[in-house]
Amino acid sequence: MVWTRGNLGSSSATRQPVVNGSLWRGCLIRMDETHCKADWRAIVSRVAGVLVLLAGVLLAAGLCMATPHDNSIPSIFEPHSTPAESIRHLSFFVLSVTGLIFLVVFSLLSYVVVKFRSRAVDTEREPAQVYGSTQIELAWTIIPILIVVVLFLATARVIHAIQDAPKPAEAVEITAIGHQFWWEFRYPALGVVTANELHVPVSDSSHPTPTFVKLLSADTDHSFWIPQLAGKTDLIPNHVNETWLDPHETGLFLGQCAQYCGTQHAKMLLRVYVDSPEDFKLWVRAQQQPANEDAKEAVGRFVFERTACLNCHAINGTNGTGRFGPDLTHLMSRRTIASGAAENNSQNLRMWIQNPDSIKPGSLMPAMKLSDNELDALVRYLETLQ
Amino acid sequence: MSTIATPLREAPLDWILPYRGKVGMACLIIAESAIFTIFVVAYLFYVGKSLTGPTPREVLETPIFYTICLLSSSLTIHFAGKFLERGKRGAFLSLWLLTIVLGGLFMYGTGQEWHRLIYEHGLTISTNLFGTTYYSLVGLHAFHVTAGLIMLSIVLLFGLAGRVGPERFRHVDVLSLYWHFVDAVWVVVFTVVYVLGR
Amino acid sequence: MSSDAIAIQTAEAAGRPWVATLHEWVTTVDHKRLGVLYILYALFFLVIGGIEATIIRVQLMRPHNDFVSPQVFNRLFTMHGTTMIFFVAMPILFGFANYLVPLMIGARDMAFPRLNAFSFWLTAFGGLLLYFSLLGGNGLYGAGNAPDVGWWAYAPLASRAFSPGHSSDYWTIALLASGFGSIATAINIIATIVSMRCPGMTLSRMPLLAWMNLVMSGMVLLAISPLSAAQIMLLVDRYLGGHFFDTQAGGSATLWMHFFWIFGHPEVYVLIIPCFAFASEIIPVFSRKPIFGYPVMVGATVCIGFVSMSVWAHHMFTIGMNSYANSFFTITTMAVGVPTGIKIFNWLGTMWGGKIQFRTPMLFCIGFLFQFLIAGLTGIMLASSPFDWQLGGSYFVVAHFHYVIVGGILFALFGAFYYWYPKITGRMLNESLGKLHFWLFVIGFHLTFDLMHIPGVLGMPRRIYTYEPGRGWDTLNYLVTIGAFVQGIATLVFVANLVISYFKGAKAGNDPWDAWTLEWSASSPPPVYNFASLPTVSSRRPLWDLKHPEDPDSRYE
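Residue numbers (the numbering used here), protein chains in the order written: chain A, 55 to 440; chain B, 72 to 269; chain C, 5 to 561.
Hints were generated in silico from the structure; no laboratory data involved.
Hints are supplied without guarantee of correctness; some may be wrong.
[Said to hold, decoys possible] With a cut-off of at most 20 Å between alpha-carbon atoms, the simulated SDA-like pairs for lysine to any residue come out as follows:
{"hint": "1", "chain 1": "A", "residue 1": "LYS268", "chain 2": "C", "residue 2": "LEU538"}
{"hint": "2", "chain 1": "B", "residue 1": "LYS93", "chain 2": "C", "residue 2": "LEU207"}
{"hint": "3", "chain 1": "A", "residue 1": "LYS423", "chain 2": "A", "residue 2": "GLN440"}
{"hint": "4", "chain 1": "A", "residue 1": "LYS221", "chain 2": "A", "residue 2": "SER150"}
{"hint": "5", "chain 1": "A", "residue 1": "LYS169", "chain 2": "C", "residue 2": "GLY245"}
{"hint": "6", "chain 1": "B", "residue 1": "LYS120", "chain 2": "C", "residue 2": "TRP356"}
{"hint": "7", "chain 1": "C", "residue 1": "LYS359", "chain 2": "A", "residue 2": "LYS268"}
{"hint": "8", "chain 1": "A", "residue 1": "LYS169", "chain 2": "C", "residue 2": "MET320"}
[To be verified] Each pair of labels, with its calculated beta carbon distance range:
{"hint": "9", "chain 1": "C", "residue 1": "GLY303", "chain 2": "A", "residue 2": "PRO220", "range": "40 to 48 Å"}
{"hint": "10", "chain 1": "A", "residue 1": "SER126", "chain 2": "B", "residue 2": "PHE116", "range": "57 to 65 Å"}
{"hint": "11", "chain 1": "A", "residue 1": "LYS335", "chain 2": "B", "residue 2": "ARG128", "range": "36 to 44 Å"}
{"hint": "12", "chain 1": "B", "residue 1": "THR262", "chain 2": "C", "residue 2": "TYR243", "range": "44 to 52 Å"}
{"hint": "13", "chain 1": "C", "residue 1": "SER327", "chain 2": "B", "residue 2": "SER224", "range": "54 to 62 Å"}
{"hint": "14", "chain 1": "A", "residue 1": "PRO415", "chain 2": "C", "residue 2": "HIS27", "range": "26 to 34 Å"}
{"hint": "15", "chain 1": "B", "residue 1": "PHE116", "chain 2": "A", "residue 2": "THR375", "range": "50 to 58 Å"}
{"hint": "16", "chain 1": "B", "residue 1": "PHE229", "chain 2": "C", "residue 2": "GLY303", "range": "43 to 51 Å"}
{"hint": "17", "chain 1": "C", "residue 1": "ILE447", "chain 2": "A", "residue 2": "HIS143", "range": "29 to 37 Å"}
{"hint": "18", "chain 1": "A", "residue 1": "PRO420", "chain 2": "B", "residue 2": "GLU191", "range": "44 to 52 Å"}
{"hint": "19", "chain 1": "A", "residue 1": "ASP411", "chain 2": "C", "residue 2": "GLY303", "range": "53 to 61 Å"}
{"hint": "20", "chain 1": "B", "residue 1": "VAL259", "chain 2": "A", "residue 2": "LEU244", "range": "48 to 56 Å"}
{"hint": "21", "chain 1": "A", "residue 1": "PRO220", "chain 2": "B", "residue 2": "LEU142", "range": "40 to 48 Å"}
{"hint": "22", "chain 1": "B", "residue 1": "LEU115", "chain 2": "A", "residue 2": "SER126", "range": "22 to 30 Å"}
Even for Gly, the Cβ is constructed at its ideal location relative to N, Cα and C.
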């Protein structure tokens with residue numbers, strides 16, 4: 055039923071437009087008629103503008119996607135791990151459905167705006183006064199409901215596939231603990247403790263070795279996100295979470311904390327090295343060794359054990375057992391310091407120990423205020439910790 | 072600018088809508104219910120999750136008498152309103168006073184319980200999760216009872232000054248709606264704290 | 005802004021000392037004056053929030069930029085979010101509701117005029133208190149310190165241990181004060197609509213603006229109250245040593261998230277529903293047709309109101325809820341899209357077969373339709389929880405909700421400004437400046453927020469004060485910042501238009517748009533009492549009936 059004036063019950067006819075001019079009242083003013091022409095140009099330029107913008111967006115997106123495949127761009131559309139891949143499948147489906155809806159509604163809107171603009175002629179007559187239509191309302195209620203059902207079913211499948219995935223016996227188990235503003239990684243079964251740079255084995259589809267990560271927090275909320283390997287999961291104090299990675303390709307994958315956790319949230323970067331099974335074994339064996347002891351650097355070690363360093367940092371085989379800061383036993387096996395904020399070299403180490411704010415203002419590491427001799431000795435000592 | 076309004080037809084006399092005071096109070100009650108719901112959810116969520124004692128089972132005693140006081144004050148305020156509507160000022164005032172006394176008794180009961188918990192059992196709002204949720208929920212309700220008692224007392228003072236007649240019935244009715252709400256919340260709080268929470 | 009306020013006063017009180025005029029405005033209980041106060045107050049904070057946004061964008065223009073320190077950046081985005089939601093969007097919408105609802109339902113004032121003034125001043129002091137933290141945040145002995153815990157202040161970051169000093173207290177108390185103000189306003193709007201309608205104005209004849217504000221107010225009651233309760237708990241934690249959100253004592257960080265988002269998501273609809281209302285008034289008038297499917301529009305609004313109460317945890321897909329909870333919140337969130345889609349189709353249906361006049365208010369409404377469509381579709385993407393595990397907490401989300409708030413809410417609001425400014429001031433806003441404002445803003449908006457989606461897809465999380473070069477984010481962020489400046493210039497054009505048109509604008513007359521609702525029957529600006537005698541209506545478009553006595557709407561209802 056189309057709800058039109060005077061035609062309640064008939065399906066299509068609308069009442070004759072009402073002639074308006076003769077009924078005009080004193081206090082009511084009329085639109086100027088000149089603006090109608092200008093509006094036509096406005097519509098054309100608007101539609102053109104929108105199209106140009108859309109093209110620009112696509113172009114920009116294309117440029118971003120087209121960069122070399124060195125994984126330096128952590129794009130969610132270039133996944134290399136099972137959960138991230140199933141999310142990409144789902145997202146392409148959702149994108150095409152929503153894209154189709156956009157095209158349909160946008161075309162309707164453009165058509166309406168162009169077709170039913172007020173023209174310079176016949177401005178005196180009001181258009182037919184249509185109030186609604188039950189059939190049409192039903193149509194645009196039921197079709198969206200069907201679309202929602204389809205989208206939901208597709209989504210529910212992926213939720214189940216990712217969240218309720220069984221843990222195979224070969225899975226590597228890791229505990230990740232979020233700290234302000236760095237990552238602690240513990241491999242309980244392997245007896246390895248490291249920080250900020252996670253090493254996991256590549257997972258072969260014939261012989262899968264996924265990595266299951268238990269997520270904890272030592273202070274505020276954080277979020278574990280390596281876009282190319284898996285969606286993000288939060289690390290929340292007093293609330294254990296779990297996520298898993300199943301990488302199919304070796305290499306370095308970048309991510310960072312994705313839940314605002316305090317001053318240096320921005321520089322809580324995350325690096326995941328996906329190693330071949332052999333490399334991973336080698337890495338584990340190296341990490342399991344006690345700290346390198348070099349008699350030449352006893353002075354540096356003495357500085358470490360005598361100053362406040364050991365309150366927060368652990369070095370296997372020394373008095374230092376602190377867990378407030380990263381474990382330094384194999385510091386030099388990591389390519390970065392300060393949770394990915396700086397490259398791991400002697401100059402940065404010096405700067406970091408002397409004045410952490412120069413690299414990462416607001417980090418919780420205090421400025422150590424060592425003498426130049428002490429600093430030199432300490433840095434030399436740290437550099438032996440392979 | 073034009074100062075003459077466009078003329079429209081004048082109003083007929085038989086157009087009656089709900090009393091705005093009652094509508095406003097009903098809305099306030101909805102908002103307050105949402106606030107209490109959040110506190111109740113927090114209470115239930117934390118039942119049994121305290122890391123240290125004392126536990127509700129160890130220290131809480133069911134305040135049957137004071138609950139009866141508060142619930143019966145709903146009856147007295149209801150009948151006080153009815154008497155006011157019929158113009159029986161004396162009966163209205165004495166029932167109104169009785170309502171305040173019953174509400175006051177309830178507050179005395181809450182005070183006594185808090186005194187006992189703090190001084191005998193050492194339970195304060197910062198002791199454990201039970202202390203935090205208990206004092207917040209019961210305290211929020213006690214705050215509403217207190218606010219109600221203050222408003223009831225103001226009406227009593229006006230009543231004693233002879234300024235509350237039958238024409239004020241609608242206004243008094245709004246206040247008693249609030250009082251009924253406070254009583255109803257107590258039923259929920261009582262159930263949650265003294266029945267389910269143990 | 006202030007020149008605007010003073011100007012309005014001088015028009016009313018020529019020759020009287022300014023103290024008397026000021027006194028009159030401060031003590032006013034007139035719904036129209038309070039509405040104007042709300043709007044001016046919100047415009048003031050809009051400029052402040054806009055400046056904060058601009059500084060944020062300058063900092064993010066290049067990787068490793070050090071325009072501001074991380075501490076300042078974190079305060080900036082906290083203040084920007086809090087300001088824009090609580091002290092711009094809410095008051096400006098309440099301002100329009102205050103001004104328009106009594107006029108549109110033929111009442112002489114709100115149901116509780118004094119409560120109305122109380123709510124305004126409570127909200128106003130809330131905003132001032134928030135910004136007082138810049139002076140008082142570290143107490144008397146330290147330098148100032150605004151809150152830096154983000155606008156949702158997740159536990160335990162907002163606890164004493166991680167947020168020492170008083171900056172978070174200012175945040176909490178400011179929100180508590182303005183929250184109570186909002187609840188009181190909502191009560192007032194509902195009581196006004198239920199109890200103050202003029203004779204003949206049955207519920208089914210109410211303008212959609214009144215209907216939608218009724219639903220919005222109902223949602224305020226159910227949404228702001230949980231926030232107030234959670235703020236009280238946070239205060240108990242911070243001042244009395246409570247453990248509600250103290251994870252060291254067994255408290256739960258996720259409980260705060262739930263409480264906050266039980267407020268936070270309906271809040272989005274609290275903000276967008278009044279904007280639906282503006283569109284539903286403006287689009288019919290400039291299409292010269294009645295709204296298509298009035299009862300369906302009402303039903304869809306009520307439906308959105310109910311469904312949006314059960315979608316809050318879609319903000320929390322990443323916190324590790326089980327797969328059933330994630331599925332539940334996925335379906336409810338997607339379901340909200342249905343009534344919202346119905347609305348978009350009904351507006352299109354209204355324009356279909358009409359004679360669309362592209363005056364500035366209509367241009368902004370068409371912009372609103374277009375952008376809200378996209379915002380809704382990106383919302384569907386985010387509702388799909390696995391997709392959200394990637395997109396949530398990234399710049400994609402930032403782009404999405406700015407699409408809702410700027411592309412949807414702000415565009416509809418600008419439309420409302422151009423549409424009702426003549427009623428409020430008696431003068432038309434300049435049409436050429438208006439179109440310049442519109443086009444500049446459209447360009448700036450799309451440059452900023454279309455591009456902003458992409459860094460999110462490329463893994464850029466939100467709330468970072470700087471980022472690493474070489475991740476594909478650099479150029480995009482640079483362009484986004486340029487867009488922000490274009491929007492800033494467009495806003496200046498708008499402010500200039502407001503001021504210039506106030507003095508030089510063409511006289512509006514009662515009914516410049518040839519519209520159909522009751523406010524256009526009053527003079528511009530309306531007298532204090534609105535209507536000399538209460539009007540009677542017999543249809544949804546009383547002024548149509550008046551203008552077309554031979555063919556009134558009332559014949560068909």
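Hint numbers contradicted by this structure
1, 3, 4, 5, 6, 7, 8, 10, 11, 12, 14, 15, 21 and 22
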